[in-house]
Amino acid sequence: MQYLDFEKGVAELEGKARELRALARDDAQMDISEEVERLEGKSSALLQDLYGKLTPWQKCQIARHPERPHAQDYIGALFDDMTPLAGDRGFSEDHAVIGGLARFRNEPVMVIGQEKGADTQSRLHRNFGMARPEGYRKAIRLMDMADRFNLPVVTFVDTPGAYPGKGAEERGQSEAIARATEKCLEIGVPIVTAIIGEGGSGGAVALATANRLAMLEHSVYSVISPEGCASILWKSADRAQDAAAALRLTAQDLKQLEVIEEVVPEPVGGAQRDPKAAITAVGDAVARHLAELRAMSRDEVRKDRREKFLQIGRVRLS
Amino acid sequence: MNWINNLSLPKINDFFQRREMPENLWRKCENCEQMIFHRELKQNLYVCPHCEHHMRISPTERLESLYDFGAYTVVDVPDPVADPLNFRDEKRYTDRLRDARRTTNEKEAVVVAHGRIGDVDTVSAVQNFGFMGGSMGMAVGDSLLKAAETAVERKSPLLVFSAAGGARMQEGILSLMQMPRSTIAVQMVREAGLPYITIITHPTTGGVTASYAMLGDIQIAEPNALICFAGPRVIEQTIREKLPEGFQRSEYLLEHGMLDMVTPRTRLRAELVKILRMLMQLPMLPAGQLPEPGSLVRDDEPEMSEVEAAEQPDGSAVKSSDPQS
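Heads up: the protein sequence lines correspond to chains A and B, in order. Each step along the first sequence adds one to the number in the numbering used here, with nothing skipped, and position 139 is 280. Each step along the second sequence adds one to the number in the numbering used here, with nothing skipped, and position 43 is 234.
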């Protein structure tokens with residue numbers, strides 16, 4: 142388990158409990174159960190307390206936690222017959238965007254997700270979840286296919302943002318994102334998006350212009366990273382905590398602003414402590430939203446999406 | 192001695208008599224550093240006559256220089272919810288907005304107008320970089336939607352002049368939501384079978400580039416404009432190498448297939464008239480029948496010759512160029 146800065150207290154208590162257990166393994170005479178129980182009780186109470194009053198900046202760190210389940214984990218656990226489809230048919234395959242045909246609770250769908258990778262090698266392979274234009278163009282191709290074969294689209298968003306590289310700019314990163322957003326708005330099949338970690342700016346919008354948007358409790362969705370915002374507006378990246386608070390990027394604030402439809406609760410201590418529970422909760426939310434949208438005609442689906450975005454911005458946060 | 196009086200004395204006198212001259216009659220080109228007489232600069236639509244550097248032009252002047260006889264009607268856009276996040280950094284967002292309104296004399300970062308261009312009824316949305324960096328918040332999205340609705344109602348083409356540092360961070364997620372919202376505006380125009388043309392000006396970056404700026408039926412850029420998603424500094428920090436000269440500039444994007452053309456501002460109106468009339472299935476305008484555009488130069492503005500006269504050693508001519516006397 143990798144602990145975040147603010148989880149230091151929990152790390153100490155859990156570490157002590159682990160040590161005690163290790164000692165007891167060597168010495169059969171030692172009775173530690175009471176002490177271990179006391180420590181574990183204490184640490185879980187502390188965890189509960191910490192996670193009950195997280196700051197927006199702490200939520201950013203949880204959203205980026207390396208052990209948090211990623212798109213591939215969700216697809217692997219929630220979908221059957223996953224048939225990955227590759228390539229933008231123009232330049233290359235982008236490993237930061239995975240997608241393909243799959244069955245979700247028996248129904249065939251098109252699933253697309255941004256994948257960050259789970260270890261050094263796969264993180265490099267996935268470019269840390271930062272897509273290049275090819276990733277967005279592949280998503281456009283898959284959404285277009287979904288539209289023609291009447292398959293609902295499910296997307297998993299988890300990206301620091303679109304890749305800020307020379308080649309990406311040369312090959313039209315802006316145009317690719319603009320066209321992907323346009324495609325999302327255009328298709329006559331429902332799109333349901335789950336933000337499972339970081340929803341980083343335009344790179345996220347391109348896959349999140351959906352009929353329904355569900356966000357995990359400790360995930361974030363923002364126009365700019367708190368670090369980026371702090372260095373522009375506060376002239377210092379050290380003020381990221383302040384920027385995170387000012388940007389109102391938490392799932393709870395976004396729900397209040399009517400940008401998302403649902404906040405999906407996470408296990409105590411975050412999705413990384415109990416990936417299975419988090420994945421199931423997200424799956425149930427996606428299923429619920431898809432079921433609601435299924436009754437709509439193609440025109441109604443398009444209109445529903447368009448109206449949703451036109452209505453955004455009527456609410457004011459206190 | 193006459194030539195000395197004519198050539199060197201005016202310059203020396205200019206130096207000493209600056210305070211007596213009306214201010215801002217001359218402007219230094221930030222690119223080639225040549226001094227340009229402001230009447231000449233306006234006549235040339237803020238393009239440096241020496242090096243073709245395109246300076247910033249206000250939305251009002253843009254519209255005047257674009258529409259036939261400089262005549263257009265501004266379309267009112269209702270105010271969005273003010274400061275929806277209650278945002279505060281070193282300064283309150285509401286204070287920043289107030290300052291921007293004071294310095295630009297505009298309500299927000301986009302001006303929407305309609306009128307005739309080459310006798311084609313046309314709607315324009317002009318983004319103002321001078322207003323908080325042209326940044327895209329609710330008001331910008333609402334303006335584009337209003338511009339699209341107006342174009343559909345009037346069955347007119349829509350022109351969008353982009354210029355922005357990107358999203359209005361002070362509106363958080365709501366600024367990001369203008370990417371899909373402005374895309375809906377483009378779709379409305381497209382569904383009505385009307386042309387949507389983007390004129391991308393310096394600088395156009397971030398979410399603005401990655402939405403309506405890059406969705407034009409035709410995409411025109413002004414010369415040497417910075418057009419990008421991620422800015423050059425961010426990229427240099429990521430890849431840790433220097434970027435080539437001209438990277439992410441209009442001519443570079445043209446070469447990489449992202450634009451239809453790079454057109455100097457002084458030729459833009461003629462180009463638009465040609466395109467708009469073809470796309471709207473209108474006949475060619477017979478020679479001599481193209482209406483004049485508006486002029487940015489006011490009648491009471493001094494001529495170059497008058498100012499030269501004003502620079503005579505005795506300074507007497509300064510008063511004669513003053514319409515008050």
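Simulated from the structure, these hints should not be mistaken for lab results. Among the hints, erroneous ones may be present.
Stated by the list, open to error - Below, computed lysine to aspartate or glutamate pairings styled on EDC-like, alpha-carbon distance capped at 16 Å: (1) A:Lys449 x A:Glu402; (2) B:Lys337 x B:Asp270; (3) A:Lys307 x B:Asp280; (4) A:Lys194 x A:Glu433; (5) A:Lys307 x B:Glu446; (6) A:Lys376 x B:Asp280; (7) A:Lys444 x A:Glu433; (8) A:Lys183 x A:Glu155; (9) A:Lys307 x B:Glu427; (10) A:Lys307 x B:Glu436; (11) A:Lys194 x A:Asp146; (12) A:Lys444 x B:Glu382; (13) A:Lys157 x A:Asp190; (14) A:Lys376 x B:Glu281; (15) B:Lys282 x A:Glu155.
Claimed, not checked - What follows is a set of in silico ranges between Cβ atoms, one per label pair, in the way DEER data are often shown: (16) A:Gly231 x B:Glu427: 22 to 28 Å; (17) A:Glu433 x B:Glu442: 48 to 54 Å; (18) A:Glu433 x B:Gln472: 41 to 47 Å.
Just so we're clear, the structure is a prediction, and the values are computed from it rather than from any experiment. Glycine included, C-beta positions come from ideal geometry on N, C-alpha and C.
Now the hints, each set against the structure:
1. A:Lys449 x A:Glu402: Given pair A:Lys449, A:Glu402 holds - Cα atoms ~10 Å apart, limit 16 Å.
2. B:Lys337 x B:Asp270: Holds: B:Lys337 and B:Asp270 sit about 12 Å apart, inside 16 Å.
3. A:Lys307 x B:Asp280: 31 Å, violated
4. A:Lys194 x A:Glu433: 33 Å, violated
5. A:Lys307 x B:Glu446: Given that 16 Å is the threshold and the Cα spacing comes to 15 Å, the pair holds.
6. A:Lys376 x B:Asp280: 10 Å, holds
7. A:Lys444 x A:Glu433: 15 Å, holds
8. A:Lys183 x A:Glu155: With a Cα-Cα distance of about 9 Å, the restraint between A:Lys183 and A:Glu155 holds, given a limit of 16 Å.
9. A:Lys307 x B:Glu427: Holds, because 9 Å separates the two Cα atoms, which is no more than 16 Å.
10. A:Lys307 x B:Glu436: 13 Å, holds
11. A:Lys194 x A:Asp146: 15 Å, holds
12. A:Lys444 x B:Glu382: Since the Cα atoms of A:Lys444 and B:Glu382 sit roughly 13 Å apart, the hinted pair holds (cutoff 16 Å).
13. A:Lys157 x A:Asp190: 19 Å, violated
14. A:Lys376 x B:Glu281: Roughly 9 Å between the alpha carbons, so the hint for A:Lys376 and B:Glu281 holds.
15. B:Lys282 x A:Glu155: 43 Å, violated
16. A:Gly231 x B:Glu427: 22 to 28 Å: 27 Å, holds
17. A:Glu433 x B:Glu442: 48 to 54 Å: 50 Å, holds
18. A:Glu433 x B:Gln472: 41 to 47 Å: 44 Å, holds
In the structure shown, a violation is registered for the earlier hints numbered 3, 4, 13 and 15, in ascending order.
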